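Produce the complete structure using the sequences and hints provided.
Protein chains: 4
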Amino acid sequence: MKISAYTFDTRGPGDVSGLRALFDSGAERAEDLVAVIGKCEGNGGRNDFTRELAMHALEHLVGPRIGVPPERVQDRVIFSFSGGTEGVVTPHQIAFFRSGAPDRVRRPVKRLAVGIGHTRAFRPEEIGRMAQIEETARTIRQVVAELGVEDPADVHLVQMKGAIPAFTAQEADNAARAGAPLRCDMVWSRAASALGTALALGEVPSERLSDEAVCRDWDLYSGVASCSAKPGLERTEIVVFAMSPYWEGDLAIAHGVLADILDADGVRAVLRRAGLDPADTAAIRARLVAAFAKSEADPRGTVRGRRHTMLQDDDIGDTRYSRCVLAAVIASVLGDTRVYVSTRAEHHGPIGGGPLALVVREASE
Amino acid sequence: MKISAYTFDTRGPGDVSGLRALFDSGAERAEDLVAVIGKCEGNGGRNDFTRELAMHALEHLVGPRIGVPPERVQDRVIFSFSGGTEGVVTPHQIAFFRSGAPDRVRRPVKRLAVGIGHTRAFRPEEIGRMAQIEETARTIRQVVAELGVEDPADVHLVQMKGAIPAFTAQEADNAARAGAPLRCDMVWSRAASALGTALALGEVPSERLSDEAVCRDWDLYSGVASCSAKPGLERTEIVVFAMSPYWEGDLAIAHGVLADILDADGVRAVLRRAGLDPADTAAIRARLVAAFAKSEADPRGTVRGRRHTMLQDDDIGDTRYSRCVLAAVIASVLGDTRVYVSTRAEHHGPIGGGPLALVVREASE
Amino acid sequence: MKISAYTFDTRGPGDVSGLRALFDSGAERAEDLVAVIGKCEGNGGRNDFTRELAMHALEHLVGPRIGVPPERVQDRVIFSFSGGTEGVVTPHQIAFFRSGAPDRVRRPVKRLAVGIGHTRAFRPEEIGRMAQIEETARTIRQVVAELGVEDPADVHLVQMKGAIPAFTAQEADNAARAGAPLRCDMVWSRAASALGTALALGEVPSERLSDEAVCRDWDLYSGVASCSAKPGLERTEIVVFAMSPYWEGDLAIAHGVLADILDADGVRAVLRRAGLDPADTAAIRARLVAAFAKSEADPRGTVRGRRHTMLQDDDIGDTRYSRCVLAAVIASVLGDTRVYVSTRAEHHGPIGGGPLALVVREASE
Amino acid sequence: MKISAYTFDTRGPGDVSGLRALFDSGAERAEDLVAVIGKCEGNGGRNDFTRELAMHALEHLVGPRIGVPPERVQDRVIFSFSGGTEGVVTPHQIAFFRSGAPDRVRRPVKRLAVGIGHTRAFRPEEIGRMAQIEETARTIRQVVAELGVEDPADVHLVQMKGAIPAFTAQEADNAARAGAPLRCDMVWSRAASALGTALALGEVPSERLSDEAVCRDWDLYSGVASCSAKPGLERTEIVVFAMSPYWEGDLAIAHGVLADILDADGVRAVLRRAGLDPADTAAIRARLVAAFAKSEADPRGTVRGRRHTMLQDDDIGDTRYSRCVLAAVIASVLGDTRVYVSTRAEHHGPIGGGPLALVVREASE
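Residue numbers (the numbering used here), protein chains in the order written: chain A, 5 to 369; chain B, 5 to 369; chain C, 5 to 369; chain D, 5 to 369.
No lab work stands behind these hints, which were simulated from the structure alone.
Predicted model, so just to flag it, every value in this text is computed and none were measured.
Backbone N, C-alpha and C fix where the C-beta goes; we use that ideal spot for every residue, glycine too.
SDA-like mimics (lysine to any residue), calculated; alpha carbons at most 20 Å apart, straight line:
1. C:234 / A:15
2. C:234 / C:128
3. D:234 / B:15
4. C:234 / B:318
5. C:234 / A:16
Here are some, though not all, of the chain B residues that point toward chain D, as calculated from beta-carbon distances under 10 Å:
6. 16
7. 17
8. 18
9. 44
10. 45
11. 46
12. 51
13. 53
14. 54
15. 56
16. 57
17. 60
18. 61
19. 74
20. 319
21. 320
As structure tokens, this is what we get:
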């Protein structure tokens, strides 16, 4: 099998002209579309409707082409949109296609493999606790195995939409009275999703994980997780990006962990791991397909030892600031403003830092 | 004469505890204070009162110590505050002192020299036109001469608070009817101040300057100007930072022009000019005193060839975004979040870019 | 013919469940839909994509039901959405249907009549000048005539989406050089649309209108205009709401002009004109169908003689404040939070004020 | 004794020209100043420095006139500033002076009496619990007694700055482990202050109060409390406004409880209680001295039965919206934009509603 990827700048959240042209040209088939990941120009918050607009437009583009009603498209294709193109970020979408039939031919060079999975539906009391961590880990391991990945170190990005099942006030009261208050919100779902990733890939030993460790023991983290959580979602949606000798194409992925949101050296290290020379901007420009990162306004209130004000601003939220900062730093190294940074990074990298993954096109001979 | 400088992190705009401790310790005398330049955590806009709070606190700190009423302190000392510590920026103040008597002893090594001046009072119709440009240039040349600067290339920063004299609706109408509508606002005053700097230092030949060239011919610019304009101010306040063989101390300044707000290479170039190795973060940390830059959300709507959304956002202004981005990029290179970025940069560097100046302490033997 | 109207609260900009249920129940036919007017929870500005989402959802709901592609639906039905539900405003939509065949039977009681029209396409240089005013007036008069309206005073609301045709920098330059700089923007298009309404209905004598009067002579205004302008639109879309003896149904409309955004007395006056007692909240609740108003942060900087800060706030725009204030005042009188307030009101009512129209259901016997 | 009051519009948070002129004219003595209450044009949040600027300016105005250092002025005079003049609100200050000697002469007409008090210093674990409630109540009762108030119903406003003593992470951990997690924040301090007021004045029977009832039993509330809480404050500052037969002057106060933020009828009821006819705008304009209210974006998500979006907006906070709405409604009834609304109203009036107090000048004969 083979992965191909296309990056489109968009003129607005509802702009699907790039993908439509791709379909119309016959270059790719809608049936092969695996995932579309993108940045929209919303605020990334509760009243950000740009993601819904992007998905609405994609559903109506793809549905008729694959013969399913628009509202069923997301059963087949993962749409993962992050609001907030603060600063220099160019609103864009990356579409991943999977074509060809699986085979068991082991090739000498590993290539990008992309697989998707869904956890079972969670109950509200499971979110943010071991039940979510373990089921997330189980699902990731299964996807990883299906991709023919030979080493957990070959997994470079686990993009997740974390479950937050609906619950009643009565359920919340019952849970509180039973001594295990619900953790069924965005913070905890992101945290457990990241720890589930770390567990699946051996980044954290299982014996250190517990309900108590979540959102408390910040030394435990994944270097490849990237989770946003979505109220109302019952199952966590998972897209695994890895290197596999059973896949073809000209794409590769590498990753690293940034120590903080100013870590330009960390960005350069990932570039090198991806086979790119940080000084060779022309090559980067030619071969970079996508950059995915998680940002965070350091909750300790400092960056590089000095006070920041991101957490005390009632006009602009810390999520907008941290995305703006990290995207600027990454873009300044890559020379490219098509950077996907999503924010809040509990157990995604060390506190104040976070993972970065780069998808690149292999150099042509 | 000798310049000394101190950088203080502040806990809030009204925090003058650093300077107070300096005075109380006897290390510096209030009489020697030349200028305090700082970043406050406001929005940098019309309803930013953090600058007023900072100045109010400084006036009441300094006034009694130099024997003048608080409201007269700014006749003697330049206070230049910029609102907006978006992202990683640490609110801070840099205080410059000038001590010793002038002499005419030419020393083998040039050191930082700081001088201040004021233009004459402007009439509203002069702002944004040749009258402002020429008077600004005249004043700068005079300050430069007084500092014993031997080469215009030794001037590295001209920090200005640009005049915007008050005017009546009647005056505005008269001017419009006379075919020369008033330009008496922030945009034009910043623009003419920058061109005045360029004229004074020979960055732009006088024959290319005209009323028509202002805010139109963007090829004309200064690489060392840094102007904010202030409604109600009749005279432009000017602080010149230069290298002079007639000054002592352990401070130096260097500058460069950033091509755009992602220009990390440009920041490294200025570091090198200041005698610092961009890879030697410990040395930078030890010796960096201040970083001053101007930012701009590229008015052409793109950065590095791709669309940005800073100019179409009705929730957050482009000035906040561009400060956030450029400060993040500079801080990522310097490893220091005490970065002074002020925004809107008409004729300050090329369109979309702007000047950067670094004040450093010389390496001790 | 007969107008019927339905008001739906929405759970989000893309929520069309109310209208869908109406269609599915057979109560109304999609073919009879004339217009949907609504408030969305965006910021009402350049980066407000909630209006696009609402329209996208409606186009995909209505298109298949009337047998036209989604992108052609707006050729047949007017969708008019205003972003910004600041404060107490409930996001909602009002759908108007027109059924039955026209006849020439004059009935003893006038009822609500709704008609739509489009101006011809405008050239950029016409916007904000007499050409736009006169063509807008011509179109309104034609729609009014078609509705069988007997008296211009029976027109109570002219809802417009004002044209702003695209133009090149070259066209703008040429126009400026020819001494007639383009006015092709939102301010001027709204202004000329309102004056066109005033001209059509005799609110302003034609001899007082001129290119110079636009955005200058604020004594000239319409008390029934409500225009938003949309970049890229070539023709102004017009919906006329009037009382006509040739129409049936149980709906009526009345209007008045509010003196300022605190004019609760003005709201009560319109209620009375609509046949409702301001003290009878149960009747208002039962019979009120829709409230349409235009708001404005008084450009003179004061309300009721005292300073307001809406125009000096760089965190929140004056458009958001003025909508919030006026909607709160109207809702406090009506006892209903489904209030449509759109903002910026050049020549819509006196400076600082604006029109208010109420659609009500006639009392059942 | 006698209370006099002056209302000043301000040109900015640091504008104390009105009070200065009053002192300079000799009309009032700085020694008699009891309290200054005002609205500043900040955001009312954590990064609102306008309150600090206002206090800084007042301290430097008053200090020299009463012979104490600026930083000690607030030991003698209460300064109570609320940020946020959203919408139509005019930034303003009301200064209260107390002159004459206390006597025991009971007069036939009650007049406004103003007294101040401070609770003892609180420990962090007391905040939000019965200890804070009871000490607050004790202090209020004492002030009320000193004022010669004969009936708790004669107390119309208890303006408080609620204590939030500093604490260490260790103390917080200890408290959590001991089963009584700290409540030492703004929400709980406001809540307990309001309940303390209710207890002092008999609005709530003591047997219904408990640690558990705080922020849970919303049926318990005060109709006269108005508390903001301030991190770092050890003692709650209290200003009691009441009617007493032992006081002179021409001022009176009345209050009422608004059912929600649209309750214009409630505003009119308070006007009538204050002896003013809501229809007589000239009299209101002439005699109104100050309006104090508390607002709240109804936490149940609806106003008058319909959805509001104030709690789901990540660009603008609910505190800004609710102040804007309620101030607009009050101003629309009073015809005056000098309205003091502070926000978040736990146990201040019923859920979604809050108290309103009006200070008026008695009609001259």
